[in-house]
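Peer 1: Each chain is listed here by its residues.
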Amino acid sequence: MRNHPSPSRFPLWFDPRSRHPGTWAFILNRITALGLTLYLFLHLYMLSKLSQGPEAYDTFIALAKTPVIMVGELLVIAAGLIHGFNGIRIALTSFGIGTRRQTELFWLMMVLAGLGTLFFGYVMFFKD
Amino acid sequence: MSSERWHITLAVARYKQGADPHIQIFELEVDPDEYVLDAVERVWAFHDRGLVFRHACHHSTCGACGMRVNGQEKLTCITPIRAVCQKDGTLKIEPLRNFPVVSDLSVDMTSLYTRTESAAGAQVLNLKHSSLPFEKNLFPDDGLEHERLSDCIECGMCVSACPAALTDAAYAGPAALAAAHQTVVQKGLSALPAWVDSAEGVWRCHSGFECSAVCPSNVDPAWRIMELRRLVILNRVRCLFGLNKD
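Protein chains in written order, with the working numbering: chain W, 5 to 132; chain B, 5 to 250.
Heads up, a few of these hints could be off.
To be verified - Computed spacing ranges between beta-carbons, pair by pair:
no., chain 1, residue 1, chain 2, residue 2, range
1, W, 37, B, 246, 36 to 42 Å
2, W, 6, B, 118, 19 to 25 Å
3, W, 107, B, 130, 28 to 34 Å
As the list claims (entries may be wrong) - Reference listing, derived: stretches of chain B covered by chain W, where coverage requires no fewer than 3 residues with Cβ under 8 Å from a Cβ of chain W:
no., region
4, 73-87
5, 104-117
6, 169-179
7, 201-215
8, 226-234
What the hints contain is simulated information worked out from the structure, not anything from laboratory work. Note that the structure is a prediction, hence the values are computed from the model and not measured. For glycine and all other residues, C-beta sits at the position ideal for the given N, C-alpha and C.
With the hints as constraints, model all of the structure from the sequences given.
Peer 2: Structure, rendered in structure tokens:
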């Protein structure tokens, strides 16, 4: 029936139009979760290189040190921080803590995630 | 009302069973201080008597005229055109989400009514039970017992905005959960309906907080759902240690 709730409508979860910060947090949490899950498989693939001998592993590590891959790694860190901090916000509000201030909590957590990403970016790209 | 006149375009979602859904355009001259419902009624009165939509009280008491205005849930009888549109702008009017469309802008809200009823939420409440704990007491303390109507007007906008209700037809939804919280406040945790502490109850909520963002009536369903979660967990812990008195 038209307009009836259905699991097939899940792509609409990711539509931020006319939505509020609570939904933006909801969308960010799902996108970062999917990204981190994808990274987990890439990480396992990287570890599997160990079983192919030192040369295969060293070749892969050399690739991992290229700027493009390092930017990708920084995105993984950003995703982990966004997901983690937002998770803390959801855990707090789910126990009735800060529920009335969930929007301000969201922005606070995103600022912390942004600062964390900047810190790790500095360490990765500018520290010896 | 002002003497100002605006030209606006009303893009109205049309749907009749058996026909393809489409958007129909109506050009209107309006006073920007009129309400969105006035514009919809004008379409019905002067352009198309076949337009189906729900409305009754025109002062945010009945909750019948909830619609999506430019994508966002609004109680159209209290939403000034000026607040959601500009001169020569477009207003897109669509039915609420997550309820089956009966015709055009009218949806079947049976699921909302039955679920709210199963929460046993009272329509008339003692004053001390009717307000949220962080609200200021709007009534003078004259030492007398007072009652008032509960805040929820059953407009369904919270369910329409809810991302969890979008994908799960069995989810109780914010309105019913808010009613269940009202019941617990009034009668204690022993009155908590069993379905509240289930996968289709408080635990289905994805913490999007859209319900409270669109609620036109100060119910704050998201706060009530989170409070229910806290109470449910507290009750479980009490049960674990044999401390439950309810």
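Peer 1: Decide, hint by hint, whether the structure agrees.
Peer 2: Here's how the hints hold up against the structure:
| no. | hint | result |
| --- | --- | --- |
| 1 | 37/W <-> 246/B: 36 to 42 Å | holds (38 Å) |
| 2 | 6/W <-> 118/B: 19 to 25 Å | holds (20 Å) |
| 3 | 107/W <-> 130/B: 28 to 34 Å | holds (32 Å) |
| 4 | 73-87 | holds (count 3) |
| 5 | 104-117 | holds (count 3) |
| 6 | 169-179 | holds (count 6) |
| 7 | 201-215 | holds (count 5) |
| 8 | 226-234 | holds (count 6) |
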